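There are 2 protein chains.
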Amino acid sequence: MRIGELSRRTGVPVPTIKYYLREGLLPAGELTSPNQASYGDGHERRLRLVRALLEVGGLSVAAIGEVLAAVDDKDGPVHELLGAAATRLVPEFGDGGSGGGRKAGSGAGSDGGGAPDAETVLARDRVARLIEARGWRIESGNKAAEALVAALASLARVGHGGFVDLLDDYAEAAERVGRTDLDYVARRVAREDLVEAVVVGTVLGDAVFAALRRMAQVDASARMFGEEAPTG
Amino acid sequence: MRIGELSRRTGVPVPTIKYYLREGLLPAGELTSPNQASYGDGHERRLRLVRALLEVGGLSVAAIGEVLAAVDDKDGPVHELLGAAATRLVPEFGDGGSGGGRKAGSGAGSDGGGAPDAETVLARDRVARLIEARGWRIESGNKAAEALVAALASLARVGHGGFVDLLDDYAEAAERVGRTDLDYVARRVAREDLVEAVVVGTVLGDAVFAALRRMAQVDASARMFGEEAPTG
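Note that the protein sequences, when read in sequence, are chains Y and S. Take the first sequence: its position 34, counted from the start at 1, is 34 in full-length UniProt numbering, and no numbers get skipped. Take the second sequence: its position 186, counted from the start at 1, is 186 in full-length UniProt numbering, and no numbers get skipped.
The set of hints was computed from the structure by calculation and includes no laboratory data. Fair warning: this is a prediction, and the values are worked out from it, not measured in the lab. Zero decoy hints are in this set.
Examples of chain Y residues lying across from chain S (beta carbon under 10 Å, computed): (1) 49; (2) 137; (3) 144; (4) 173; (5) 180; (6) 183; (7) 216; (8) 217; (9) 222.
Incomplete in silico selection of chain S near chain Y, CB under 7 Å: (10) 145; (11) 210; (12) 218.
Derived list of chain S stretches under chain Y, where covered just means 3 residues or more per stretch with a C-beta under 8 Å from a C-beta of chain Y: (13) 37-50; (14) 159-170.
Glycine included, every Cβ here is placed at the ideal spot set by N, Cα and C.
All chains, full assembly: derive it from the sequences and hints.
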């Protein structure tokens, strides 16, 4: 199909498609004449994936480029491929990144100097114990684990150190979701589809779970506080 | 304490603190002379909260302003207060917002015109059935439910319509996390603390859960694919 048809089918304006082509998010079409290219179903699907990562996943164009690189990477064992994809999808606050802000755990709350503050030390110890208690096969220095340490340390710094008491319940629920995710992924046959499923499921799955958690909170709040109106 | 001491204790530079004061994220200090103000422990705690929402929660300064307004709002029954706080924390893709991107579900994948596309109609039906099946007390048009519809429709558009099969497992896990959240919140006595706990727990709790989900995926992947290296 021509670029105009691709635009009509996906609702993405032609100039935007051209921008994605320049940025390498979309592979070039097949040239049918010196200044005319033809696009296939693969382009349409990839374009929808880019839009989903952008709109629902909230990823930057640069991050989408990295994720697509993982999808297109055909080498290495499946587990490493999945790990590479998952690593690029870890929220940025754990290890800096392109976000404008300063890094959590490296500034606010520390008393200057390069050593981790007390909250970070405590959180790191708590996370290590969690991994051990659950028997999770996770390498030390895993980026998601570091992100968890940063989030818990931040909670402690704003007076919510008690939040760690919820960690076991959260981990239990996360284990259920993580297993469900992998079962879904394991249905794929081709490795390209496999990695794509992880990427899509991880980014959009976060959005799905966050929405469900809000809904469950609204329900729990209605049950707990809905009947009466405390006078504060 | 003086502003310099507040800066030293929190690691936030003085010009940044002054910016937060101008933006209303931090209440003014008590004037001790015509051009000198004094700050208390409340300022220090609020400043750490702002930094946590910014660095770990990834909220914009404008969004933080809205969240703090919910924290500081002393009127109305607790359930409505919690609902107001939760609503401001729904991810932006469900209902537009300050993010630069287009809205999901209103452009990509629709065949032009204002009517919702087939994926949105199907997703809306699926979410309605989920709410009914679980007996969740949620008003129609709830923003989190709309965000869930948008995420599921996006998944379907990129060829992952099968992801809805996971919805019940996700909802089961979310219900567990949502109840845990409310139990944590219900420990608070003062209503200011109550709302603050919801806000902090929701924003940072998403980060905690996302990190735990990644860790559980890595573990599940290691168990499923780690032993062998498929030749793909």
